[in-house]
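Trainee: Each chain, letter by letter, is given below.
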Amino acid sequence: MARIAQALLKRLGGMAIVLALVVTVVFIIVRVTPGDPAAVMLGSDATPADIAQLRTKMGLDAPLLMQYGQFVLGILQGDLGQSIFLNQPVTTALAARAEPTFFLTLFSILIAVGIALPVGILSAVKRGTVFDQIVVTLTMVAASVPSFWLGLILIQVFAVGQGWFPASGYGGPETPFLERLHHLVLPAVALGVVNSALITRFTRAAMLDVLGDDYVRTARAKGAGEGRVILKHALKNAMIPIITVIGLSVAMLVAGAVVTETVFGLPGVGNLVVSAVLRRDYPVIQGALLVVAAIYVLINFIVDMLYILVDPRVRL
Amino acid sequence: MKKSALVLMTLAALAGTSSLALAQASDGILTVATIGEPPTLDVMQTATDIVLTIDQHIFETLYTYDAEWKSVPLLAAGMPKISEDGLTYTIPLREGVTFHDGSTFDAKDVTASLKRWMAVNSKGKQVSGIVESLTEEGDHAVVFKLKSRYAPLLATLSQASVIMPSEKIADTLTEFVGTGPYALKERKPDQYTQLVRFDGYKSPEGAPSNYAGKREAIAKEIRFVPVPDANTRVEGLISGQFDYADSLPVSAFERVEKSGNAKPVIFRDAGWASMNMNMKEGLLVKKELRQAVQVALNPNDMMMAAFSDDRFFSVDASIFPEGSFWHTEAGVARYGDGNPEEAAKLLEAGGYDGTPIRLLTSRQYEFHYKIGEVAKAYLEAAGFKVDLQVVDWATLTTRRADSKAWDIFITHSNFPGDPTTINTITDTYPGWYVSDQKAKAVATYMDATTDDAKKAAWDGIQTVIYDDAPLYKVGNFNAVSGVANGVSGYEPTYWPHFWNVTPKK
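Top line first, the protein sequences correspond to chains A and B.
Per the numbering used here, the very first residue in the first sequence carries number 408; after that it's consecutive.
Per the numbering used here, the very first residue in the second sequence carries number 359; after that it's consecutive.
Calculated directly from the structure, the hints in this document are not laboratory data.
Even glycine gets a Cβ: it sits at the ideal position worked out from N, Cα and C.
Misleading hints may appear alongside valid ones.
Said to hold, decoys possible - Coverage of chain A stretches by chain B, computed from C-beta distances (three or more under 8 Å per stretch; other residues unrestricted):
1. 563 to 572
2. 674 to 688
Stated by the list, open to error - Dumping the calculated BS3-like pairs for lysine-lysine here, alpha-carbon to alpha-carbon at most 30 Å:
3. Lys643(A) with Lys466(B)
4. Lys464(A) with Lys473(B)
5. Lys464(A) with Lys638(B)
6. Lys466(B) with Lys464(A)
7. Lys629(A) with Lys743(B)
8. Lys560(B) with Lys466(B)
9. Lys464(A) with Lys483(B)
10. Lys464(A) with Lys560(B)
11. Lys466(B) with Lys533(A)
Unchecked claim - So these bits of chain A aren't anywhere near chain B, every CB distance computed over 10 Å:
12. Leu483
13. Asn494
14. Pro496
15. Leu517
16. Gly576
17. Leu605
18. Ala626
19. Val665
20. Tyr703
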C-alpha cells in the first residue's frame with residue numbers, strides 16, 4: 408500500500424514538472440510570436456502612440472521576467488490572469504466555454520468507442536472475410552479524412568439538405584439544455600467518426616493478437632460459448648492497448664475540438680483558443696493551453712490507473 | 359428492429375427541437391451571422407467594423423452619413439451654425455430623446471461623451487488637438503471652439519463619437535446605454551450579442567438614406583452571432599438558421615442564389631485594396647522606385663486574381679469610386695496595364711541595386727495574399743527582386759509599425775466620409791507619408807468650409823498623392839452578403855444595419 412502511495416506521489420510529481428514546462432514554453436512562445444494585442448484591439452486607425460499607451464495600461468510593457476513571475480504566482484493562487492479582450496478573468500472565460508467542449512468531447516468519444524469496439528472485435532473475429540476487408544478500407548479512409556471537411560459535408564447533408572440539425576452555434580438566449588445539446592450532434596459525429604477509425608484498427612489488431620493465444624484455444628476446448636470466449640477471455644486481455652488508444656483519442660479530441668468548434672461556430676474552449684491566438688490575447692492563450700495540458704496529463708494518469716484495474720500484474 | 363426504431367426516434371426528437379428553434383427565430387427575431395466576436399462594445403476604444411456594425415443599433419452620434427457619405431443630423435437637430443472665421447461650431451440638439459435607461463438626452467451628455475471620445479479614440483485625439491473648448495449652451499446645444507479651421511469635424515462626429523449618459527461614462531465602460539433603436543440585453547462572448555427593441559426610441563425624420571433618415575425598430579430582437587468560418591455562414595444562411603450572413607466568399611454567390619432559401623446581396627464599392635509603401639526607410643525612400651512599382655503593376659489582373667469575377671470588383675484610379683462626391687480623375691498617373699519597360703527605366707533612374715523588396719501580406723484576408731502573388735510576378739517582370747512575406751494579420755500590424763522591417767504592405771480600407779481621414783494621409787500611419795506639398799494641400803482642405811471648396815482642395819490632395827506615390831491603389835471591391843427569403847426591407851450599407859428590416863413571418 409505504501410509502495411502504491413509512493414508511486415502515486417512520484418507520478419503526481421512528474422505531472423507537476425510537465426505542467427511547469429508547459430507553462431514556461433507557452434509563455435515564451437506567445438511572447439516571441441510577432442503580433443501585438445494592443446495593435447489588434449485598436450484596429451488599423453491606431454497610431455503608435457495609442458498602441459504604446461494601451462500596452463502600458465495592459466501591463467505589456469513590463470519586463471518579461473516580471474510578467475512571467477506574475478503569471479506563475481497567479482497560477483499558484485488559482486488565478487490565470489485577466490483576458491485582454493474579454494475584460495474578464497481567464498478562469499471565468501474558460502468556465503463559460505467548458506460546457507460545449509465537455510459535451511462535445513463526451514459525445515465524440517461515445518460515438519468513437521460505440522463504433523470502434525464492436526466493429527473492431529467483429530472484424531478481428533471475421534478476419535479475411537469481405538466484412539473485414541470493408542472495415543480495413545473504411546477505417547483507412549476515415550482516418551485520412553480531416554474532421555473539419557467531414558463537418559462541412561455533414562452540415563450540407565443534415566443541416567442544409569434535411570434541416571434536421573442546426574448548421575452552427577450553440578443556441579441563443581433562453582435555449583434549453585437539450586436544444587443546446589442538439590447543436591452538438593453534427594460536430595460530435597464529425598469528430599467521433601474520424602477518431603473511431605484509429606480505435607477500430609487498434610481494437611482489431613489487439614484482438615487478433617490474443618485470439619490465437621493458447622488460453623483462448625483452451626477456453627474453446629472447454630466448451631465455452633463463442634461470445635464468452637471473445638468478450639471474457641479475449642477482449643479482457645486485449646484491453647490494455649485499447650484503453651491506451653482510447654485515452655490518447657480523448658486527449659486528441661480536446662485538441663481536435665479547436666478546429667471542429669471553429670467550423671461549427673461552437674463557443675467552446677477550442678474556439679476561445681483560436682480567437683485568442685488571432686487577437687494575441689496572451690493570458691487566455693496561456694490559461695487555455697495550461698488547462699488543456701492539465702487535462703491531457705490527467706487522462707494519461709487515469710489510463711495508467713485503468714491498467715491496474717484491467718491487469719493487476721501491471722506495476723506503476 | 360427495436361434498436362433501429364430507437365435510433366429513428368432519437369433522430370426525430372432531435373430534429374423536432376430544431377424545428378421549434380426555427381419557429382421561434384421567425385417570431386420577430388433577426389439572427390445575424392457576423393464574421394467574428396467584437397473585441398469589445400466600447401466603440402470609442404475600438405472602432406473596428408464589427409464593433410461599429412453592432413454598436414450603431416445601440417448608440418447614436420450627433421451626425422451620420424447619408425447616401426453620398428455627407429454628414430447629416432442624427433442626434434443634432436440641424437447642421438451647425440459656423441462662425442464667419444470658421445472657428446466656432448454651434449450644434450443644436452434634438453429634444454425629447456431618451457436613453458435606454460430612461461434618462462433624458464441633453465447637452466451635458468454630449469460634452470461628457472465627446473470629451474471621453476477625444477481622450478480615447480484615435481480620430482478623437484486628432485480632433486482634441488485643434489479643439490480649444492467644448493461647452494454646453496443651455497440644455498439643447500453645444501459649442502465647439504477651434505484653434506484652427508478643421509473641415510473634417512462633422513465627418514469625425516459621424517462615426518465612433520457616440521453619445522451616452524454622462525453618469526455612465528467611465529474609463530472602462532461597464533454599461534452600454536445609448537439612444538439607438540435597440541438596447542443591449544445580453545452579451546455572451548463567442549455565442550451571441552442580444553439586442554432588444556427600445557420602445558422609447560425617437561427616430562429622426564426623413565426618408566432613409568444610408569444611415570440617415572427614419573429608423574424603425576421592426577424586429578423585436580436582433581441577435582448577432584459570431585460565425586468565423588465563411589462556409590458555415592453560407593450553410594447556416596441556406597439552412598434557414600440565419601436571417602442575414604455577413605461577408606460571404608464570392609465563390610458562394612451562385613450557391614446562395616440557387617438555394618431558393620436566400621438571396622445574395624452585393625454592396626458595391628465596399629472598400630479599396632492598396633499597397634502602402636515605406637517612405638521612411640529602405641529601398642522605396644526613393645520616389646523613382648515607388649513610381650517604378652506603380653508603373654510595373656496591372657490592377658485588373660491583381661483584382662481578377664483576388665475576386666475571380668468582375669461582378670465583385672472595379673478598377674478605378676480615382677481614390678474614391680464613381681458616384682461618390684469625392685470621385686475625381688485629378689492627378690491620376692502610372693495606373694495602367696503594367697509596363698515593365700517603363701518601370702525598368704525608372705529603376706535605373708532610381709539606382710536600383712537588386713536588393714529584394716520586402717512585400718508583406720496576409721492570408722487572413724485571402725484577397726490580400728492573391729494581390730501579393732500577382733504583384734510579385736509583375737514586379738519581377740519589371741526587374742525588381744521580391745521577398746514576399748506571408749504572415750497572419752496580427753503579425754503584419756506589428757511588423758509594419760517597424761520602419762526597418764518592410765517596403766510594401768497590402769491592406770484595404772473603406773471609403774470614409776471625409777477624404778482626409780484616409781489613413782495613408784496621416785504622417786504617423788505606417789508608410790510615414792510626410793511631404794511639404796501634401797501638408798500644403800491638406801492645409802488648404804482644412805481651411806475649406808463649403809462643399810465646393812472642399813472638393814477643389816481634395817482634387818489637389820489626390821494630385822499630390824499621385825506625384826509623391828506613397829501608395830498604389832489596386833482597385834475597389836464589392837462586398838457579398840446574404841439575406842434569407844422572407845426578410846424584407848434590408849438595404850445594403852458598409853456597416854450592415856437592421857432597423858427598418860422586417861423579419862420572416
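Trainee: I'd like to know which numbered hints this structure contradicts. Please list them from smallest to largest.
Mentor: 3, 7, 10, 11, 13, 16
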